[in-house]
Amino acid sequence: MTTSSPEASSAVFEQHVIDPEICIRCNTCEATCPIGAITHDDNNYVVDADKCNACMACIAPCPTGSIDNWRTMLRDKAYSLDEQLGWEELPEQQVIEAAAAQACAAANGSGDTGNASAPVVHTGTMAMSATVPPWSAATPYTQLFGPKAAQPVAMAKVVGNQRVTEAAAHGAEDNDTHHVVLDFGDTPMPLLEGQSIGIIAPGADGKGRPHQPRQYSIASARNGERPGYNNASITVKRVLQDHNGNAVRGVASNYVCDLQVGDTVQVVGPFGASFLMPNHPGSHIVMICTGTGSAPMRAMTEWRRREAKTGKFADSQLLLFFGARSKTELPYFGPLQKLPTSLITTHLALSRESNQPKRYVQDAMLEQAAALLPLLTNPNAYFYVCGLKAMEAGVLHALEHICTQNGLDWPNISAEMKAKGRLHLETY
Amino acid sequence: MSGINYSEKIPNNVNLSDDRTLQRALEQWQPNFINWWDDMGPDGSTNMDVYLRTAVSVDPQGWAQFGHVKMRDYRWGIFLNPGQDDRTIHFGDHKGEKVWNDVPGEYRANLRRIIVTQGDTEPASVEQQRHLGGTAPSLYDLRNLFQINVEEGRHLWAMVYLLHKHFGRDGREEADALLQRNSGDQDNPRILGAFNEETPDWLSFFMFTYFTDRDGKFQLCALAESSFEPLARTTKFMLTEEAHHMFVGESGISRTIQRTCQVMNELKTDDVNKLRAAGVIDLPTIQRYLNFHFSVTIDLFGADESSNAATFYSTGIKGRYEETKRDDDHVLKDRTYPVLELKDGQLVQKEVPMLNALNEVLRDDYIKDSVGGVERWNKVITKAGIDFQLRVPHKAFNRNIGALAGANVTPAGEVVSEAEWRLRVGEWMPGTEDRAFIASLMHRVVEPGKYANWIAPPAVGINRQDANFEYVRFN
Chain A
1 MTTSSPEASS AVFEQHVIDP EICIRCNTCE ATCPIGAITH DDNNYVVDAD KCNACMACIA
61 PCPTGSIDNW RTMLRDKAYS LDEQLGWEEL PEQQVIEAAA AQACAAANGS GDTGNASAPV
121 VHTGTMAMSA TVPPWSAATP YTQLFGPKAA QPVAMAKVVG NQRVTEAAAH GAEDNDTHHV
181 VLDFGDTPMP LLEGQSIGII APGADGKGRP HQPRQYSIAS ARNGERPGYN NASITVKRVL
241 QDHNGNAVRG VASNYVCDLQ VGDTVQVVGP FGASFLMPNH PGSHIVMICT GTGSAPMRAM
301 TEWRRREAKT GKFADSQLLL FFGARSKTEL PYFGPLQKLP TSLITTHLAL SRESNQPKRY
361 VQDAMLEQAA ALLPLLTNPN AYFYVCGLKA MEAGVLHALE HICTQNGLDW PNISAEMKAK
421 GRLHLETY
Chain B
1 MSGINYSEKI PNNVNLSDDR TLQRALEQWQ PNFINWWDDM GPDGSTNMDV YLRTAVSVDP
61 QGWAQFGHVK MRDYRWGIFL NPGQDDRTIH FGDHKGEKVW NDVPGEYRAN LRRIIVTQGD
121 TEPASVEQQR HLGGTAPSLY DLRNLFQINV EEGRHLWAMV YLLHKHFGRD GREEADALLQ
181 RNSGDQDNPR ILGAFNEETP DWLSFFMFTY FTDRDGKFQL CALAESSFEP LARTTKFMLT
241 EEAHHMFVGE SGISRTIQRT CQVMNELKTD DVNKLRAAGV IDLPTIQRYL NFHFSVTIDL
301 FGADESSNAA TFYSTGIKGR YEETKRDDDH VLKDRTYPVL ELKDGQLVQK EVPMLNALNE
361 VLRDDYIKDS VGGVERWNKV ITKAGIDFQL RVPHKAFNRN IGALAGANVT PAGEVVSEAE
421 WRLRVGEWMP GTEDRAFIAS LMHRVVEPGK YANWIAPPAV GINRQDANFE YVRFN
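Residue numbers (my numbering), protein chains in the order written: chain A, 1 to 428; chain B, 1 to 475.
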């Protein structure tokens with residue numbers, strides 16, 4: 001969610017595909033897609049894997065249900081447009097080896113993919129994610145700026161740019177994550193925790209076309225990074241390698257990380273209408289993230305922290321499972337340590353700490369099974385997963401394991417969580 | 001309707017709360033609409049709670065809100081797709097000028113006529129379908145019928161909004177008349193012929209929603225190109241709902257074919273009598289219904305040569321399907337287009353000025369789109385291993401409008417004598433016996449998850465609901 005493909009893509013991803021046997025070729029999806037990722041020929045409607053950012057805008061308007069199909073794929077084996085245009089039916093989900101996912105994710109800078117020895121049984125995890133928000137979520141505004149809006153872009157001024165990870169042993173540029181604050185002045189940009197905005201890097205790509213917007217999660221609370229001001233923050237990691245470990249400088253991430261205070265940037269959005277936090281008293285939030293996937297978790301935590309003085313959430317729990325290779329790579333590690341335990345319970349999972357066994361987010365979750373179990377069946381508990389795609393299967397497997405070990409029916413529980421907007425997966 | 005919260009009761013993005021003139025017009029019209037719905041809307045459905053999709057805004061998240069509601073309480077909204085500040089006219093004599101947000105005086109009559117004609121079809125289809133609830137093959141299908149009904153109602157609101165907002169007293173009178181004409185009424189029928197035909201059974205309904213609602217798609221696409229910005233933006237949003245209607249038709253026929261093929265394989269026969277005795281619809285009967293509905297629908301595009309069509313295009317009122325994607329000058333003055341005519345007992349092509357042939361251009365685009373879906377039905381037959389293919393009949397078959405009106409042309413495109421036509425018409429179009437057989441299959445199935453014997457269950461539930469979901473509650 002924090003950066004879109006291909007710039008920060010992990011090797012394994014959920015490819016959005018359309019079922020040609022059910023699709024009626026009505027063009028609704030193509031007309032709805034905000035970034036032009038859907039196209040067609042005389043035979044089929046298809047989704048361009050290089051463009052689709054799984055924003056879900058096309059899902060609800062489709063009259064047939066053919067649009068809501070996903071295949072877990074290795075990025076470099078993604079179905080091409082030509083392949084999809086020739087389909088007469090959807091191909092079956094292929095089994096993908098976890099080891100491949102592990103290797104690729106590690107090359108990507110965060111090895112939090114979990115148990116590499118077991119082959120992953122892929123069940124189309126994206127299909128498990130809710131497309132509806134919690135019932136008490138605030139109503140979001142979406143797509144106020146973009147190619148189909150009245151105004152194509154909003155201009156924002158950079159008012160802060162701060163590195164939030166240590167340089168550590170990997171080199172000055174590696175592991176370089178920034179907290180960037182943008183001020184929108186008098187331009188309306190109402191944002192909620194869990195939403196994202198797109199940033200358009202200036203210039204053109206190799207084919208002379210303007211750069212596509214890159215999406216970044218909002219890391220600040222709804223009333224601004226500085227409360228009461230029309231500003232917001234994002235968390236951006238400098239991309240220096242592609243998913244195969246080859247050297248590549250991500251256009252947008254390097255542009256954003258290098259921004260100076262006083263610069264202006266082109267912004268589109270807001271995006272996202274389901275990865276939103278509950279707002280009713282007694283609602284619990286379980287946050288599971290790696291790396292820059294921490295951005296929406298920071299936003300939600302910050303809003304609950306600001307609300308704490310009202311006493312409205314005195315009976316609510318915040319649980320955070322946060323994975324990284326080492327402490328030095330944890331964005332916001334310092335501020336996180338300062339949060340009171342009365343507000344949040346944090347479980348770190350570090351996979352490359354010296355003299356420590358490897359530990360992934362799902363290991364931390366399994367250790368906390370006793371705390372998670374009642375929340376899985378509690379209608380007031382909402383689960384959010386954000387980070388590299390490769391973490392998703394392990395996290396879902398952990399939740400499934402906790403259920404089945406305790407005699408609970410995971411397929412039913414996960415379906416219920418999806419239907420009630422209680423399980424949200426935003427991975428990239 | 002006075003004192004109501006307009007945004008809540010009538011979801012809209014046309015600033016209805018602050019528009020006193022529009023409110024007054026709607027306050028007059030809305031009670032008449034509800035009366036019309038009570039009199040002419042779905043039969044006996046007043047107390048049913050139906051799992052309907054309601055649009056509350058035009059963004060993707062806002063226009064698909066699902067929940068059980070009574071149809072009478074459906075929130076018929078008024079929506080325009082987001083506008084574009086700098087949009088210019090992209091075809092016709094005014095190409096390059098700024099689009100119109102108000103009706104230009106010189107085009108007032110033509111614009112009104114086009115909006116009234118479109119508006120007239122919307123309540124007409126509700127009237128045509130009002131008895132179908134009594135014979136729905138499942139709760140899933142019943143819900144889909146009702147969803148179409150309320151969306152046709154909303155499309156009526158869309159056109160009435162344009163009439164009230166932009167056409168003054170004339171517009172209000174036209175809006176009233178939309179509720180006074182009735183489908184099949186001898187004295188005061190609907191404007192277009194196809195909308196005075198009966199929709200007596202579910203096979204006809206599926207054919208209607210596949211073929212005739214697809215005409216709606218093409219007309220709306222052409223209007224969505226209009227230089228009159230409110231019409232373009234309104235029809236763009238309507239297209240998203242029209243897609244659902246076509247889905248009901250395409251999947252309905254597909255499921256019917258699937259069930260027939262299943263029984264053909266079980267009984268190892270293609271004998272029509274045996275299949276009918278087994279309670280499924282034989283493929284030749286489906287072909288005859290297809291021939292009828294296709295040919296009646298392509299008449300809706302109008303005469304092959306039409307000076308009205310030329311005027312609508314040149315003045316910028318109505319474009320072509322996907323006008324912006326076409327690679328020509330978008331003025332079309334020196335272009336020609338082939339149309340068919342009957343000459344010396346033969347079908348021959350002649351080139352006519354393209355501006356005058358724009359009805360034919362749209363009809364051909366429609367035919368191409370229709371054929372695509374029929375080929376998808378054929379895949380169901382092929383997948384079942386059965387050697388039979390459905391075919392769209394020749395463009396000249398059973399035409400009653402334009403140069404081909406009354407030509408005796410077979411579905412294969414062969415010109416025959418009047419006598420031969422009369423003798424063989426029963427091979428090509430459904431006759432009394434076919435209609436009686438189909439009628440005999442029409443029984444209401446209301447147990448959740450159950451389907452009439454002649455139709456297969458859908459591949460996916462509405463909004464991904466379970467197979468046993470109670471789409472309609474009868475109370």
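Hint data in this document are derived by calculation from the structure and do not stem from the laboratory. Where hints are given, some of them may not hold.
List of simulated lysine-lysine pairs, DSSO-like, C-alpha gap at most 27 Å [claimed, not checked]:
hint : chain 1 : residue 1 : chain 2 : residue 2
1    : A       : LYS327    : A       : LYS338
2    : B       : LYS274    : A       : LYS420
3    : B       : LYS274    : B       : LYS98
4    : A       : LYS148    : B       : LYS395
5    : A       : LYS148    : B       : LYS379
6    : A       : LYS148    : B       : LYS165
7    : B       : LYS9      : B       : LYS383
8    : B       : LYS236    : A       : LYS148
9    : A       : LYS148    : B       : LYS217
10   : B       : LYS95     : A       : LYS420
11   : B       : LYS343    : B       : LYS368
12   : B       : LYS165    : A       : LYS418
13   : B       : LYS325    : B       : LYS343
14   : B       : LYS379    : B       : LYS274
15   : A       : LYS148    : B       : LYS325
16   : A       : LYS51     : B       : LYS325
17   : A       : LYS207    : B       : LYS325
18   : A       : LYS338    : A       : LYS358
19   : B       : LYS236    : B       : LYS450
20   : A       : LYS51     : B       : LYS274
Tested hints:
1. A:LYS327 - A:LYS338: Holds, at roughly 15 Å.
2. B:LYS274 - A:LYS420: Between B:LYS274 and A:LYS420 the Cα gap is close to 48 Å, so the pair fails against 27 Å, i.e. violated.
3. B:LYS274 - B:LYS98: With Cα atoms ~64 Å apart, B:LYS274 and B:LYS98 exceed 27 Å; violated.
4. A:LYS148 - B:LYS395: Cα-Cα ~38 Å, so violated.
5. A:LYS148 - B:LYS379: Violated, because 36 Å separates the two Cα atoms, which is more than 27 Å.
6. A:LYS148 - B:LYS165: At roughly 25 Å apart (the allowed maximum being 27 Å), B:LYS165 and A:LYS148 satisfy the hint.
7. B:LYS9 - B:LYS383: violated (48 Å)
8. B:LYS236 - A:LYS148: Holds, at roughly 13 Å.
9. A:LYS148 - B:LYS217: Holds, at roughly 21 Å.
10. B:LYS95 - A:LYS420: Violated - the C-alpha atoms of A:LYS420 and B:LYS95 are around 50 Å apart, more than 27 Å.
11. B:LYS343 - B:LYS368: Holds, at roughly 25 Å.
12. B:LYS165 - A:LYS418: violated (42 Å)
13. B:LYS325 - B:LYS343: Violated, because 35 Å separates the two Cα atoms, which is more than 27 Å.
14. B:LYS379 - B:LYS274: holds (24 Å)
15. A:LYS148 - B:LYS325: holds (17 Å)
16. A:LYS51 - B:LYS325: Measuring from Cα to Cα gives roughly 21 Å; hence the hint holds.
17. A:LYS207 - B:LYS325: Within the cut-off at roughly 22 Å; holds.
18. A:LYS338 - A:LYS358: Satisfied, since the Cα-Cα distance of roughly 25 Å is no more than 27 Å.
19. B:LYS236 - B:LYS450: Not OK: B:LYS236 and B:LYS450 at ~36 Å, beyond 27 Å, violated.
20. A:LYS51 - B:LYS274: Outside the cut-off at roughly 52 Å; violated.
Against the hints set out earlier in the document, violations occur for numbers 2, 3, 4, 5, 7, 10, 12, 13, 19 and 20.
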